[in-house]
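Taken in order, these protein sequences are the chains called A, B, C and D. 1 is the number of the first residue of the first sequence in the UniProt record's numbering; add one for each residue after it. 1 is the number of the first residue of the second sequence in the UniProt record's numbering; add one for each residue after it. 1 is the number of the first residue of the third sequence in the UniProt record's numbering; add one for each residue after it. 1 is the number of the first residue of the fourth sequence in the UniProt record's numbering; add one for each residue after it.
Accuracy of the hints is not assured; some may be wrong.
To be verified - Simulated pairs of lysine-lysine, DSSO-like, Cα-Cα distance not exceeding 27 angstroms:
hint, chain 1, residue 1, chain 2, residue 2
1, A, K140, B, K598
2, A, K349, C, K418
3, A, K334, D, K102
4, C, K99, B, K75
5, B, K588, A, K417
6, A, K349, C, K99
7, C, K363, C, K154
8, B, K598, C, K159
9, C, K27, C, K159
10, C, K289, A, K349
11, B, K599, A, K140
12, C, K459, A, K417
13, A, K140, A, K82
14, B, K598, D, K105
15, C, K154, B, K307
16, C, K363, B, K25
17, B, K588, C, K418
18, B, K598, C, K154
19, A, K417, B, K569
20, B, K569, C, K459
21, A, K140, A, K349
22, C, K155, C, K363
23, D, K100, B, K599
24, B, K160, C, K289
25, A, K349, C, K155
26, B, K569, C, K289
These are computed hints drawn from the structure, not numbers from a lab.
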Amino acid sequence: MNTLIAIIGLGVLCLLFEIFELRKAIVPVTILGLLAVLGLDASEFNAPEAYYNNMIIVTKFSSAFSGLFIILTIFLVALGHKFYENQPSKISDFIAIKVFLLAGAVAMVSFGNLAMFFLGIEVLSIALYILAASSRLSLKSNEAGLKYFLMGSFASGIILFGICLIYGAMGTFDVTEISEMSRSAELPVWFPIGIALVTIGMFFKIAAVPFHFWAPDVYEGAPALTTALMSTLAKVVAIATLYKLITVMNAEISEGFQHVIVIISMASMTVGNIMALRQVNVKRMLAFSGISHAGFMIMTLLSTTNAAGTLLYYTSAYALAGIAAFSVILYVCKNTENEDVTNFHGLGKTNPLLAAILTAALLSMAGIPIFAGFFAKMVLFTQTIQAGFIALVIVAVINSIISVGYYFKLILAMYTKEPNETRTGTPVVIYAVAVVAIVLNIALGMFPSLVLDLLAS
Amino acid sequence: MDTSLTLLLLLAPFIGFLFNVFFGKSIGKSASGILGTLTVATSFATSVYFFMQISQTHQAIQIQLFDWIQISNFKVDFGFLLDQLSILWLLFVTGIGSLIHLYSISYMHDDENMHKFFAYLNLFIFFMITLVIGSNLLVLFIGWEGVGLCSYLLIGFWHKNQDFNDAAKKAFIMNRIGDLGLLIGIFIIGSMFSTLDYATLKTAITGTTNLNITWISIAAFALFIGACGKSAQIPLYTWLPDAMAGPTPVSALIHAATMVTAGIFMITRLNYLFDLAPDVQNIIAIVGAVTSLVAATIALVQTDIKKVLAYSTVSQLGLMFLALGLGAYEVAVFHVITHAFFKACLFLGSGSVIHALHGEQDMRKMGGLKKVMGITFFTFLISSLAISGIPPFSGFFSKDEILMVAFEHNKVLWIIASLASLMTAFYMFRLLYLTFFNEFRGTAEQKSHLHESPSLITFPLIVLAILATIGGLISLPTNSWLNEYLAPLFAKASHEAHHFGTTEYALMAVAVLGGLIGIGIAYAKYIKQNIVPEEDSQITGFAKVLYNKYYVDEIYDAIFVQSINSLSKFFNQYVETTLSSLVFGLGKVTNELGFQGKKIQNGSIGRYLFAFVLGICAIITYLFLAQ
Amino acid sequence: MNVSLILIILLVGAFATYIAGDKLASKVALFFGIAALGCSVVLLNHFNLGENISFLSQWINQPHVSFSLNADGLSMAMVLLTAALTPIIIFTSFGTEHKNAKAFYALILFMSFAMVGTFLAADGLLYYIFWELSLIPIYFIALIWGNGDAEERKKAVVKFFIYTLAGSLFMLVAFIYLYQKAGSFLIEDLYKLNLSATEQLWIFLAFFLAYAIKIPIIPFHTWQANVYQKAPAVGTMLLSGIMLKMGLYSVIRWQLPIAPLAAKEYMNIFIALGIAGVIYGSIVALRQKDLKKLLAYSSLAHVGLIAAGTYTLTIDGLRGAVLQMIAHGFVVVGLFFVSEIIYRRYATGTIAEMGGIRTQSPKFASMFMILVLASVALPTTFNFVGEFTVLYSLSQINVWFAILGGTTIILGAYYMLKMYQQVMLGETNTKAFADVSLNEGLALVLIIALLFFFGLYPKPITDLITPSLENIIKVINRA
Amino acid sequence: MNNILNEIGIENYIFLSTILFSIGVFGVLYRRNAIIVFMSIEIMLNAVNLLFVAFSTYHQDAQGQIFVFFSMAVAAAEVAVGLAILVSIFRNLGSIDINKLKNLKG
């Protein structure tokens with residue numbers, strides 16, 4: 001709870017800084033603030049508690065994920081420092097929006113009441129709409145914004161409808177009561193329909209097939225930093241929330257529902273990977289790879305009892321790799337009008353370090369050992385086989401093979417092609433973020449237990 | 001004592017080889033030559049010593065050096081066995097070996113790589129000794145492959161000429177075909193008797209009854225294939241004539257006297273095994289007889305002096321195999337020895353001729369050398385008489401025994417063999433007359449340089465001629481020293497002096513007569529009528545077939561080499577490409593899918609939302625209406 | 001003192017090499033390579049004294065993965081092979097200038113680190129991790145320092161990477177499945193499993209896919225020739241000398257003992273596949289125009305025989321296979337180094353452009369000859385020992401296997417001698433060919449010496465590997 | 001109030017608002033003018049709001065009505081952002097036909 005309040009306070013602080021013309025200080029202060037919040041969150045980790053008659057319930061789960069979100073936000077804010085340097089007047093707004101977005105995210109994973117859940121999701125979404133469309137003069141950005149907004153609010157409608165039906169069935173928004181009733185009482189049909197609708201809404205947020213169409217376009221159109229945010233933070237938040245929703249609200253998932261999940265997960269991986277093969281725009285490619293990763297993450301919903309740790313691990317691995325990759329992209333595509341692969345030619349020569357980092361990030365996403373990505377997949381497969389879905393795992397494996405295809409396209413571009421332009425300047429922040437992110441990723445790979453055991457049931 | 005001497009015997013040539021390889025060039029030609037000769041002479045001396053020893057003690061010497069290869073049911077150790085047979089072989093291998101080394105000093109003196117030549121020769125002797133004295137089949141195999149290697153190196157000694165290299169390659173590969181047979185035989189023996197060691201094997205086989213004869217026969221046959229490869233029997237004989245591409249001393253040493261007798265050695269070694277497989281023995285006998293005849297017929301019309309000798313070698317080896325097949329191992333061994341003497345002499349003689357004519361090998365361009373090359377001619381004459389089986393020369397005794405054995409067993413074989421020896425007499429004297437009699441037919445330039453070869457060359461000739469003359473004494477029909485000497489080797493009692501009656505004398509007479517007839521025809525043709533074989537182009541009819549060796553090479557080439565090459569072509573062009581395109585294909589398909597997928601993502605919000613709604617409906621339907 | 005030391009040395013070496021910079025890289029790498037070799041020899045000594053040099057420590061709790069390195073005779077033999085070849089391989093590359101050398105040599109060391117790990121790992125997942133890790137460095141070595149047209153190379157290398165990865169991912173699934181059953185990845189627990197025949201079949205096939213691609217066994221070999229040709233000499237040596245041994249080793253260590261029923265059931269099929277590889281590889285090699293490609297196919301033939309040996313499930317088969325692996329490791333490295341030497345002089349791999357070299361460089365010619373003879377398994381060379389044992393084991397299964405597999409000694413001789421004739425013999429080549437330099441000579445002599453020594457006296461290795469192989473046979477015949 | 005509900009029956013409210021909701025959905029699917037799409041989305045939301053109220057009465061529980069306020073507020077916020085985006089699009093494109101927005105695809 002305090003975490004949430006603190007975050008919001010920090011957001012307000014950012015706005016105040018604007019008023020007091022302290023723009024220079026904003027980024028550092030926010031980062032410090034967020035670090036403090038992280039500490040706060042850590043302190044709450046072992047003190048699960050419910051606030052405001054169960055509006056917010058802080059659990060291990062929520063605080064662990066909140067921690068992840070905060071870390072990601074720190075990275076994103078840090079990157080913002082460089083990214084917004086040529087529009088200083090807005091920097092505070094952007095930072096503030098990000099912080100509020102974080103607040104929404106935290107609310108989403110620690111909700112105890114569907115109202116809170118709804119608010120959280122809306123805060124997050126609206127903030128994202130703004131960020132997506134944030135570069136006003138670029139039509140691409142606008143289009144991305146509109147697309148995201150239209151479909152997003154459509155999805156919100158669905159979610160809302162779902163919530164409404166649940167409420168209708170249960171007469172309450174309190175998830176604990178709902179789950180109790182869902183076990184005991186004879187349920188009206190609306191309840192499962194409601195659950196289904198909410199789930200679908202969340203599928204949209206994490207861009208699972210067939211609700212994924214917005215993702216590539218929006219990722220491509222939105223400013224790079226926003227894309228980074230969407231593909232890392234937003235996706236992670238959504239899947240975490242969905243996981244929590246499913247686990248909290250109906251303990252045992254019906255046969256049919258499992259089928260749906262399996263099918264959607266298969267479809268997401270396959271479509272995501274296959275579509276990514278022929279992309280030339282790196283952001284777009286990562287969007288599709290994100291879709292396929294969504295497919296992987298969804299697999300956790302099949303073993304709701306013990307997959308929390310796995311999900312946390314997978315998301316952290318994925319998000320950290322994403323951050324690292326995007327920071328390189330930010331550096332490479334700073335002054336280029338698009339983010340095509342051609343911009344990465346010869347990066348291995350011009351900037352070995354960043355090239356290595358990007359390579360590592362991609363390898364992690366591809367699931368090559370010692371990078372966290374590998375263990376994430378490994379553990380995920382283990383659990384899924386335990387749950388008895390070996391076919392799904394086979395499909396997943398085949399997909400990981402396909403995915404290597406496009407990840408390596410980028411690596412090849414960096415190492416075998418001749419550099420086409422010389423980049424100058426070594427932005428310390430980007431280096432720092434990239435290095436830290438990838439180091440964390442590898443550290444997770446070396447010692448998976450650190451995270452895996454965090455939420456071990 | 002024995003061990004160290006054995007090692008000396010074995011390693012002396014090897015040291016010579018190493019020395020010649022590393023320092024041969026620096027110490028100069030003659031030096032390296034002498035060194036090479038000395039090392040072999042050392043081995044000869046040692047073998048003589050061992051010979052003395054064993055002829056007193058009659059005790060075979062067993063030496064184990066160390067474990068070599070470990071197999072589940074037995075282990076092969078690196079050991080040597082010096083018994084009557086191996087020592088006998090050692091004697092003439094090293095003896096003739098040293099003579100030929102001596103000969104080569106002078107013969108190869110103009111060659112830039114003389115030191116290498118001697119290195120190879122020494123290496124060959126080393127491997128040959130290994131082959132002979134190995135105490136088990138695998139050590140024999142070392143030598144077996146080793147001599148094959150040396151013959152490869154020496155045939156291709158003048159490696160700038162790709163034809164020679166081809167010949168060398170051919171020899172090696174054909175030998176390898178045999179080697180595979182040998183290996184298979186070894187495998188079967190190994191798994192049947194859990195040993196490859198001669199001594200143990202002998203006890204195992206002779207000691208036990210109710211052995212699985214079928215498998216023994218298969219093993220024996222496999223081994224025989226190996227022998228065919230080394231000893232140039234049908235169907236694996238074609239490499240030997242080509243092997244004449246090598247320097248003449250090599251032909252004398254490897255391709256007449258020693259290496260090619262390895263097959264006979266091996267079969268004699270395992271006589272107790274072959275005795276158990278009568279069918280295989282018959283096959284051996286038949287193959288031997290046929291080979292001798294076929295080779296002899298080919299030799300009738302060859303015009304290259306060395307080719308004639310080569311085919312006569314094949315033919316003589318055929319006779320030996322005939323003897324082996326008839327179970328008369330000691331007879332075969334006897335012929336091996338005498339043959340080693342006179343054939344080495346003949347080759348060296350031809351070498352001396354070629355040397356005199358600066359590399360000319362075509363008999364049509366020779367003649368009348370008798371006057372200038374007295375010694376060569378004389379020794380050559382003796383050896384020819386010997387090979388033609390004219391008493392009292394050595395060849396008469398050995399060949400005669402073979403014929404007798406053949407007569408006892410099977411008249412047909414006897415007829416074939418007699419025919420072969422008749423032809424032998426003919427083509428040998430054809431060779432003799434064409435080379436040494438009448439007028440010189442070469443260029444005037446050559447004529448001017450004609451000379452008798454230096455003493456280093458003639459000396460070995462003389463020695464060998466003497467041996468060829470008196471060699472027969474070691475096994476006289478009535479009391480055969482050789483048979484007694486070899487007796488301990490053989491399971492069955494050897495064909496000891498068949499009571500000498502009229503038939504035997506008659507046979508002898510027939511044989512001698514046959515020889516004389518052959519000589520007579522040759523005389524009539526090449527002295528009386530003074531015919532010179534016509535140019536290749538004019539050869540016609542059956543002669544042409546013979547002249548082209550029944551086109552066997554061509555047939556083999558068509559059947560085996562070509563088919564393998566075309567198969568390889570097929571694999572390379574089709575199979576490989578198909579396989580890789582299959583793998584690539586998967587990637588291509590997925591890529592294409594991605595390409596098509598891009599069309600679906602056409603950027604229209606309407607379509608996206610439509611998919612969205614479809615998704616919702618699908619899920620809801622599945623979940624609630626479908627149940 | 002335990003085996004993890006050698007891993008540490010190699011890893012540290014990799015970093016040290018990178019830090020040392022382009023100037024010193026090669027020297028530093030060589031130093032650490034030799035250090036690793038020394039270390040492994042010391043370890044061998046400890047091992048022979050009966051000390052326990054294995055290493056085990058908990059790594060991941062959930063799922064239960066432990067960092068377990070187990071050194072038995074087999075592993076030690078393979079480790080020694082790697083540790084011996086690595087410095088030689090590094091040494092062979094002294095003659096050629098590499099751009100960005102520090103990365104190059106660091107990658108070499110890193111690769112041998114991964115491979116040693118693969119040979120030592122006694123925990124399924126750990127093993128898998130090392131197995132995958134070894135793929136990354138060779139990928140970059142071949143990609144960046146390879147020769148030939150860049151696009152072609154890229155295609156070949158990426159194909160190789162994805163193909164091998166594809167295979168091994170199924171192995172991962174198999175391992176996870178086994179984990180479900182055993183509750184641990186530890187090899188001894190996996191050995192204890194008694195799976196149903198069908199399960200075993202699927203596991204066996206999953207493993208087979210991974211190994212058949214890595215070894216490679218036909219028809220999974222399509223990546224090989226191109227990669228061998230395109231990769232730099234060092235890469236090719238690493239691939240053919242050590243990496244493909246990883247596959248064969250894994251067959252013995254993991255595939256057969258874990259799925260013995262399947263192995264026994266379908267033994268003949270897989271033996272036949274291996275032998276088919278022998279014949280096919282030899283025949284395809286006949287018409288190769290590129291030296292390295294020819295060698296690639298020859299090694300396809302040889303490993304085919306080795307694989308056939310392993311699938312006989314007899315002690316002879318396994319022992320022969322291991323001996324042959326080691327022998328082949330040395331020979332093939334030597335031969336590829338020879339091709340590299342020629343490449344340095346003539347800057348071509350096309351056989352047609354060679355010939356008439358022998359007259360100009362007797363030393364080189366002789367050493368090349370010896371290597372050729374070794375690769376056609378002439379007695380007294382190490383290869384003969386291995387090949388003989390393998391063929392013997394095949395003859396025990398079915399004499400026809402031995403005969404067909406034995407064709408290698410005929411066909412092998414055919415294509416190798418043909419190659420030697422075309423490359424070395426004939427009229428003196430117009431292009432000058434300097435005889436081997438000291439470095440080159442040294443490396444070759446070293447290899448040749450080893451081949452002859454063990455050819456005459458394989459006992460040390462045999463004694464080293466036999467007990468562990470017998471254990472594996474025991475495990476295979478359990479239940 | 002209460003008895004009215006009983007007379008009409010909660011199902012009918014559900015059907016009604018489902019129909020409204022569907023109308024909104026179809027509006028979103030088939031209209032090309034961004035503004036009208038917005039309005040359709042609003043219809044969807046309001047359909048849900050109606051249902052909320054109905055349910056809250058049905059359950060005799062105020063939470064539902066409170067939630068309506070939430071959703072209204074949220075909707076307002078959404079629209080605010082949405083219109084802002086539309087404005088900037090109109091500035092750049094001179095049109096608000098969503099079919100014209102197809103630059104991002106593939």
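### Query
Which numbered hints turn out to be false for this structure?
Structure breaks hints 2, 4, 7, 9, 10, 12, 15, 17, 19, 20, 21, 22.
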